[in-house]
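Fit chain B to the known structure of chain P by using the hints.
Same order as they appear, the protein sequences are chains P and B. Position in the first sequence counted from 1, then plus 139, gives you this note's numbering. Position in the second sequence counted from 1, then plus 1, gives you this note's numbering.
In short, the hints are calculated from the structure, not lab data. One or more hints might be untrue.
[To be verified] In the PhoX-like style, the derived pairs of lysine-lysine whose C-alpha atoms are separated by at most 25 Å in a straight line are:
#1 B/Lys350 - B/Lys306
#2 B/Lys350 - P/Lys213
#3 B/Lys171 - B/Lys363
#4 B/Lys325 - B/Lys84
#5 P/Lys192 - P/Lys213
#6 B/Lys122 - B/Lys132
#7 P/Lys192 - P/Lys149
#8 B/Lys132 - B/Lys71
#9 P/Lys192 - B/Lys350
#10 B/Lys263 - B/Lys79
#11 B/Lys6 - P/Lys149
#12 P/Lys240 - B/Lys350
[Stated by the list, open to error] Computed, partial: chain P to chain B, Cβ under 7 Å:
#13 Val177
#14 Phe178
#15 Val200
#16 Lys201
#17 Asp205
[Stated by the list, open to error] Residues from chain P shown here face chain B by an in silico Cβ test under 8 Å; the list is partial:
#18 Gly174
#19 Asp175
#20 Val203
#21 Glu242
Where is the CB? At the ideal position from N, CA and C, for every residue including glycine.
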Amino acid sequence: MNPVELSYSKDHEYAKVEGNVVEFGITDHAQESLGDVVFVELPDVGATVTAGKSYGTVESVKAVSDILASVSGKVVEVNTLVLDTPELLNSDPYGEGWLIKVEAEDLSPLKSMMTAEEYEAFLAEEEH
Amino acid sequence: MIETKRTPLYEEHLAAKAKLIDFGGWEMPVQYVGVIDEHHAVRTKAGLFDVSHMGEVDVRGKEALAYVQKLITNDVSKLQDGKILYSPMCYPNGGIVDDLLVYCYNREHFFIVVNASNTDKDYEWMVEQTKEYDVVVENVSDQYAQLALQGPLAETILQRITNVNLAQIKYYGFTHGDVNGVPCLISRTGYTGEDGFEIYVSPELGRGLWQKILEIGAPEGVQPIGLGARDTLRFEARLPLYGNELGAEISPLEAGLGVFVKLDKADFIGRDALLAQKEQGVSRKLVGLEMIGRGIARSHYPLQKNGEEIGFVTSGSFSPTLNKNIALGLVHSDLAVQGEILDVMIRGKAVQAKIIPSLFYKRG
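Here chain P stands alone, though its shape is the one from the complex (with noise of 0.2 Å):
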């Protein structure tokens, strides 16, 4: 279920890597857990962001959640539909409720995150 071209983190987001470009999004688990989401902010485009550092928040009924950076770099490409339609986070969160997509300074945070085999372990365990 989780796509296997994708890393993933432990706070349940993901990055995919286009070039040096990584798009951030939150897992299907994340969303899972969440619950409805009602209201997501994002930074603009042009804006920069720090590796393991919020850049945003996605809010449920209940509950706010930061998001955080996998990789830092600038903002080129900022998903305005999610800010309109929050539930795509729910409904479609490795297609059309993707978050931001930045131009990584470095790549090599990447390395330190799961692949989806591992993520699924990860998850399984949390379980516990």
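Quick look at chain B alone, frame taken from chain P:
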């Protein structure tokens, strides 16, 4: 270590794959399929809630009436047998111990329903106040499972399995009768802004009743509803929540509950303080807010005007019925004016909100 308590319906929640959370020491379902879906189910058809965590205190004795009169701010003296009264219960300084429902069996027997997380505190407080009265109070919370069936179709559905003529129970009335063939206390009360019933049954019969209501309500699409939707439903209907709109530092007059404070009845705990507040005017008021800027105001976020703190958010959420982000806030009285624009401080950032009428939803 405090042990988490479970209701008699715990196994049902597990079977329904509910997401469980700790709620005031209780392991409770926050949602089954999703807050928004469950919210709409209650507004448009009917939903079933496990509210067994609520506390129940029995008050009996020759001076039960005088005792309850002293205990609460509302006037129970004219309450007819079989009727229910909502009231704050205050400290001498006017702060709120809890808000509760008083069921009147007769002048010597009342049944009081309190908030789950306040049950022990309330019970201790109530026992302390018995000294001058010929009355006995007993915490009977463990003797009941409590189910709430709420929504426009609640009466139609429940009528199928009870020998009680539900149409004869008026809003804030109660009676005893059989539901699903077992004895229950049935009241026309609830915490959603919808019509509906709360059903009290002995704990070992709770699961059977729960299953039966879901079964007979299936044609109408009755579904279990978690605490998440319970909160958005009550919030839209401006029903206060202890710990948010109400607390030991908030008076019922500030919380907009003045109609439940009867200063003209005989003495009650908190009367002097509340009378003084009424005469001088309250310094804070609860107002409704609609977000103008992007963002959701959450409980305890600061409210500012021109950079100065003028209050805080008590409850705030996305409103599934209105499809808007709304909130309730306690603000300085001189700014509690409809149309006034305030700033909600969301993670350090000022986001504009407008004061609007706080009854966000009223059933049509």
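Now for the hints, and whether the structure bears them out:
With a CA separation close to 13 Å, the supplied pair B/Lys350 and B/Lys306 stays within the 25 Å bound. Our distance criterion of 25 Å between C-alpha atoms is met by B/Lys350 and P/Lys213, whose separation comes to about 22 Å. For the given pair, B/Lys171 sits about 18 Å from B/Lys363 by alpha-carbon distance, which is consistent with the 25 Å threshold. Between B/Lys325 and B/Lys84 the alpha-carbon distance is near 36 Å, which puts this suggested pair outside the 25 Å criterion.
Using a Cα cut-off of 25 Å, the hinted pair P/Lys192 and P/Lys213 holds, with the two alpha carbons roughly 14 Å apart. Restraint check for B/Lys122 and B/Lys132: satisfied, since their Cα atoms lie roughly 17 Å apart, inside the 25 Å limit. Under the criterion of a C-alpha separation no larger than 25 Å, the hint pairing P/Lys192 with P/Lys149 is consistent with the structure, at around 14 Å. Under the criterion of a C-alpha separation no larger than 25 Å, the hint pairing B/Lys132 with B/Lys71 is consistent with the structure, at around 12 Å.
With a C-alpha separation of about 18 Å, the suggested pairing of P/Lys192 with B/Lys350 holds against the 25 Å cut-off. Between B/Lys263 and B/Lys79 the alpha-carbon distance is near 12 Å, which keeps this suggested pair within the 25 Å criterion. The suggested pairing of B/Lys6 with P/Lys149 is violated, with an alpha-carbon distance near 31 Å, which exceeds 25 Å. Annotation: proposed proximity of P/Lys240 to B/Lys350 holds, straight-line Cα distance about 24 Å (limit 25 Å).
Checking P/Val177 against chain B by beta carbon gives a least distance of about 4 Å; that is within 7 Å, so the hint holds. With 7 Å as the threshold, the beta carbon of P/Phe178 comes within range of chain B, its nearest partner Cβ sitting at about 5 Å, so the hint holds. Interface restraint check for P/Val200: the shortest CB-CB distance to chain B comes to about 4 Å, inside 7 Å, so the restraint holds. Against a cut-off of 7 Å between C-beta atoms, the interface hint on P/Lys201 holds, since the closest Cβ of chain B lies about 5 Å away.
Contact between P/Asp205 and chain B, as hinted, is not supported at the beta carbon level, the nearest pair being about 9 Å apart and thus beyond 7 Å. For P/Gly174, the interface hint holds, since its Cβ comes within 8 Å of a Cβ in chain B; the closest pair sits about 6 Å apart. A least Cβ separation of about 5 Å between P/Asp175 and chain B falls short of the 8 Å threshold, and the interface hint therefore holds. Contact between P/Val203 and chain B, as hinted, is supported at the beta carbon level, the nearest pair being about 7 Å apart and thus within 8 Å.
For P/Glu242, the interface hint is violated, since its Cβ never comes within 8 Å of a Cβ in chain B; the closest pair sits about 25 Å apart.
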